[in-house]
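Asker: Here is how the chains run, residue by residue.
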Amino acid sequence: MSNFFGTNWPPGTWHVPEDDLLPFVDGELPVKEAAKVRNHLEACWSCRQRIEKVQKTISAFVEYYNSGYVVGLDPAPGEWRTFDSKLKSVIAEADRESVLRGWLLPRIAPLPSLHTMARLAAGLSVAALVMVVTFVLYRTPRVSASQLIEKASEERTLRLSVVAHPVVYQKLRVQAGSQPAAPVTWEIWNDEESGNAKQRVEDSAGLRFIPPERHSATGHASQARESRALGAVGALHSQSSLGSVDRSVPPILRELQQVFQANHMDWRRPLALASYTSWTRSIGHVSEEVRETQLPSGEQAYVLIATAAAPFELHALAKTELTIRSRDWHPLQQRLEFREGNSIESLDLAELAFNVTSPAIATLPLLADKRLLAPLLEGLPVLESPPAAPTEIELLEAETQADYALHRLGACTGEPIEVRREPAGQVIVQGLAETPERRAQLEEILRPIPLVAVNIQSSEDVSPPNAAPDGSLSEAEQAEEPPQPGVEAIQRIPASKSPMEDQLRKYFTRLSAGDLGHARVESEPAAVDEEITALSNEAVSLSEAALMEAWALRRLAEAYSLKVDQLSPRGRRLLEIMLTEHLAALKLHTDRSRVLLRPVLSSLGSATPPLAERAEDKAARSLIVSDSSWSDAVLRLWTTAQQMERLTAYLFAGASCPEAKESAAQNLLDALNTIDMESRETQAGVAAGFSGHSDLTGNRESAAGGVRR
Amino acid sequence: MAYKGVDILGESPAAARGPASNNILRLQIEPRTDAEFDSAVKVDCLGQGAATLEREVTELFKRLRDSVYRYLVAVIQDPSVAEEITQETFLRLYCCLRDRKAINSVRPWVFRVAHNLALNEKARRRFVSSEESATLVGLRLRLEAKLPDPEQTVLQQERMDLAIQQLSRLQRECLILRVEGFRYREIAEILGLSLPNVAQSLRRGIKKLMRELS
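Heads up: the protein sequence lines correspond to chains A and B, in order.
At position 472 of the first sequence the residue is numbered 472 (my numbering), and the sequence of numbers has no breaks.
In my numbering, each residue's number is its place in the second sequence (first place is 1) plus 709.
It is worth saying that the hints were derived from the structure and are not from the lab.
All C-beta atoms in this analysis are idealised placements derived from N, C-alpha and C, irrespective of residue type, glycine included.
Hints are supplied without guarantee of correctness; some may be wrong.
[Unchecked claim] Quick look at which bits of chain A chain B covers, simulated, 3 or more residues with Cβ under 8 Å: (1) 310 to 323; (2) 684 to 690.
[Claimed, not checked] Not the full set, but computed from the structure, chain B residues with beta-carbon under 7 Å of chain A: (3) TYR778; (4) PRO788; (5) MET919.
Looking at chain B on its own, in the form it has when it is part of the complex (with noise of 0.2 Å):
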């Protein structure tokens, strides 16, 4: 799914009236398809200053925080630093609206900073490589609880595991954000990448996982 148009009209009638209509932002959130959110997010911040924008931060806060730390935990496998990651992104978000800043969509534009933060965060910790072979994998005990035949499921879990391992960095990362619901020209915002090279990760990404699977 994708959510299109947060549009940010800040040179709106209103806002040449004057010094007093300085916060204008107008932000809409229309989702073009209903599967993830239960209703549009409508950000309606005109003529109502920061408590207004502060309050639908808050709810874009509320609303995406899960899936932008979900993907956080498994880019860099440490959900305190995802948590601490995922908060400042929306932080940012807020400068950024704040500032009148041009965001085209809010989704890609909140996984592409937290992704950064991400990169930037496993530099100056020097990640081990080891994260490349994790990803996923930690949790398997866990889902060995949680679903019903853990037997059955142990077993196609591990293939998905090892499959997953078969993964380059990039592969797993387009494709959690294809699950997540990017599109490609999406994805290739948040990563920086172009959209030939998004198109063919997902392609070789797939094409490993249907083999290790067959």
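Chain A with its partners taken away, still in its complex shape (with noise of 0.2 Å):
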């Protein structure tokens, strides 16, 4: 019998035969099988040898598989950034559908003696049933209840930070939700900075003021904090009497101002996420619920529905609902349920009115003149946005859209043009477009931008271009010019020879001359210049569009690294945007460069033992701390490439530069992984500077049960 080893065996004698060998060397024989095999193998050397070239041969394999392959092949192209949002975007579907599903699948089952049409169309029925209520009644929204507080009281923070001296004034409609009682309307006016207050009811005993509160006309908002509900109680319960106002204060008012206390809320700022962000920490555990609602307006909003575990105390509230307008997140009422002797009582606050003042009104003696600011204030219409000069941060929001817009268009990459501030309080976005066409594509982005002026040329308005008639410098040219690369990079392919022409052209021949795989075979010298042209060419432009998107990256983090507190989410959002995909394009370009040139340049540098450096760049990419400042980390990104832009200037095109080849070959290897690790370092930085104000599209769960990133 012969086989592949070539060996014939006399007859009578057994063998492993060959189909068993594999099997055997990876466990996968019978028992019985493979202690036969085991026995004969401690007699026969001849089966021992076939079993050992079986073992090399699978060793082969493994080490190319290994530490070829696997070694050899680069990171996801993605970096599998996108993952996390669309497992989220997955299980806000799957919130979507629970609720239909909860309801369709108990209706159906039950109905196994129906003929399987009829149970078709029941079924069928149903769901369509389920969902119109589901989709009017439980739509899921698309906030958390965290966002919900958070998006609110930065809304609310945001309009009193754009008023100098701000004044909330906050007319309200108080009723019990049990009694049909005639309602109580109930003003307040909220001196924010001073803490002076001003309150007035009215009910069916008519228009009056109630007395101030004893112990926060010290003029220090800290102070006015502390005493605030101890004084409102004061207030409350005192029943004398002063001038001619009446001065008792309606029976329902008291108790919801009991309610306020005992719950730590906020007397005076009804209705405010500060008050209710109180409460819910003060009683450690309430769930948290958020539901799509309509207005009678017609308008979407969200109540934000918490429900708090029994056993409740005397005027604790056991759920309220805050309902909050989507449009500007303002909070517009609010039920709450409290526990009043044995029974749960509840009382519904709607607002009728809310203004910050401008500073001007703000500026008058609040309190001195009550029935004349009152009107004044009164008039005001309702959720209008005070009329004042841009504010810093309305300016730094136009700015930041306007880099976003320019982003969009490409136009952050080294076109010559830049977004600026001007002292009387506007953004002007100037500079030189390079076609008519280009100069109508930009404008168009960029007028619809509030508080932004457009003022770009077009290279054909100028003429011509360089003999600027008093011979100075246009505004735009003054501005920072986008890098240079070398100007002896721009002319590419080496006219003289570059340093790496010997070694480019042993490499090709070597790779010419032997078949390595590739149907190629060239040995033309003339197809070996070629190769090495298009490599240096390669070589050099990556290096240029790294360099680029390095300097745009730079660009924004002089621009915005110390004004990132000042951003309001949504800058934020596009300045991560915008970090987050010039990192990616810098990565794609210096990933592409490293693929292209380490086979060449390790063959002249001093050999770092690529095995090891893997391994370590995988140590240090674990490393990572991810709270270093996004801003330094784009800055060390920026020497780093300006650096690997020099040494391949110099190495494949020719540019002047002092160093040796072969070191040059080095650092520009080591530049390249630098700006690798870097540029991951940089996105952690990036992650964590800004995960603090995730988007709105996150789901419920992952907002409330921590965050994963």
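Grab the two chains, each in its own frame, and use the hints to assemble them into the complex.
Answerer: Printed below as a string of structure tokens:
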């Protein structure tokens, strides 16, 4: 019998069948047969040798796979960045479906006796009904409770921050849920800076002011805040009369005040999210739920429903429902359910008017002449932004939007266009577009942005471009120019011999001499020259492209690193997108460079053990400190990118450089690796720096139950 | 190496308590050997709901994605598509666990889904037959830079490249899955083949390599 091993066994002797060799090695033979083979191997040198051959082949393949293929494989191009968001959208979809499924399944299952068609019809009609009900009543909102709270608080802060001396006026209707009693109108003027406040009520007994809080007239906000609840109690309980004003506080308001006090809520900021969070914090655990609803006006709103766990003390809240308008995240009404005696009572607050006064009105002595001030405030339209010169925040927002618009059009990597702030309070985008079409394109996207003026000229408008009449530079030209990648580098093809040419020639000659699995066989020097030119060209243009991305990153870091805190959530998001996209592009270019240049460079540079380097890379990556400042990281990246570009220009385009080519090659490899590492680090920094402001599409669980990124 | 025992005890006593404990899953992946994972992957979603499941699937994704990705790159030769399919695979894993469908062992399951998605994608894109000979070869240039003795290594790699080109697609897939640590039974499950078929593919694959390398 002859087999692959060329062995001719004498007749009558048993040897391991060829088909059993691999299964034996792999432990896949049945126990009995495996034992037989094992016994035989002890006796038979030939079979042992055959087994070893199989083992050797396996080893060769494993080595090829692990140390060749796997190590050589680049990281996934998108670096798995989209997985989290995809998973979240799958989860969000499932959330939406789950309500439907919860209804549908139990209703279809108990119909086994019906004819299939009838069952199907019944199922479908139930499904249709449930779908309608589900979508009308229980539309799963796109915001979580915590996002809603954050958003609404932020909006209030923002609204107050645009006025120098904010005075908040709020008019509410207070109504007991269980009693048909007439509602009470309650007005509050709240001087946010001094802490002073004024309240007025109107019910069947007429319109009257509530006496000032005893402890809060000190003019200091913090003291006022501490004394607020107590002061209000005093005010509401003091039934003494003062002048002609009826001082009695409506019982319903007194009850409301007790509820506020018992639940650590701010009496003078009803509906404010600060009151709500102060309550939730005081009791530790509440279950929160967000629903979408429609206001009588037809506007969309969210209802934040919070339920506390029993037992409840007197006046303790069992449940609240806070309605927040989705257009501007403004809280409009609240239902408070609380324990009164042995039952749960409820009170409804509905906002009739809300206004933050302009600085001019706020400078009036607020509490000195209340009768004069009140009508002034009352007359102001509800929820209208106060007229004011653009604030720093608005200008910054405009600047971010302009930058983002340019980013979208790819005008941020090298086009001579800049966004700058005018002292007069305007953002100007100015510069030079290559063609009138480009100018029109840029203008179209920039014009709609508020507070932004566009002053872009096309090169045809400027005639001739280089001869300004007075010989001075235009403003755009004075602005910092994007880097001009080495002039020598632009010549691209080595007119003179580049330092790498000999090396490249050797490399390509060797490559084409042996048949390396590619079908290409070239030995013509001309063909080799072509290869060298192509590789040099690509190396140089990749390094230039990478440099441009690094430059754009540096510009963003310089423009925004100190102002990130002032940015609106949207502005932050835009900035994050710009940074992330530039980083990804930079990484893409350098990754390509590495793949292209590593074989050539490593044969020239001193041999850093590549496998070890890979491992170090990985280790370094895992050690990246995520809280390093992203702007510092960007500046480091910029320095490395400059070095990378300089070395590439020297090695492949013959630009001047004092270094020896061997060390330059090694340094270039190092620089490429460093950029890879630093761009990851920067990305981590960006993620850490911006993660606090997630967008509103995240699902509820992720926001409530711990953030993961 | 193999990982055994992802048990989803859908009908645990807690599940019977009522609707509040609907999301009850218990996954336990215990390594039979310590060759692949540093420590045991333990997924315990008991009573924790969707948030926990999401976290655990993300964790599984992080642990398994690289091996799935390199298998897919070898199969379809396109890193971007391989990345897409890898992610899609784990999204499906999430849906499957959420719907409390039984999964006996996660790793073969993941590879099977990834493999099928890759086949679909290939059919959709009408991949040319060149992939038959191209697998693993295109990476040679990079290898030169990474191995200590390029000259010597290139020679070895070339021989292995040539040898691998002689393999059929099936033999190659079986060999790669075997290197990834799957037993014959698991490979059969992943590729949708019979056990003897897998054994034969591996045997013939090794025999061809042996012949080419000797």
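Asker: If a hint holds in the structure, say so; if it does not, say that too.
Answerer: Against the structure, the hints come out as follows:
no.	hint	in the structure
1	310 to 323	violated (count 0)
2	684 to 690	violated (count 0)
3	TYR778	holds (6 Å)
4	PRO788	holds (5 Å)
5	MET919	holds (5 Å)
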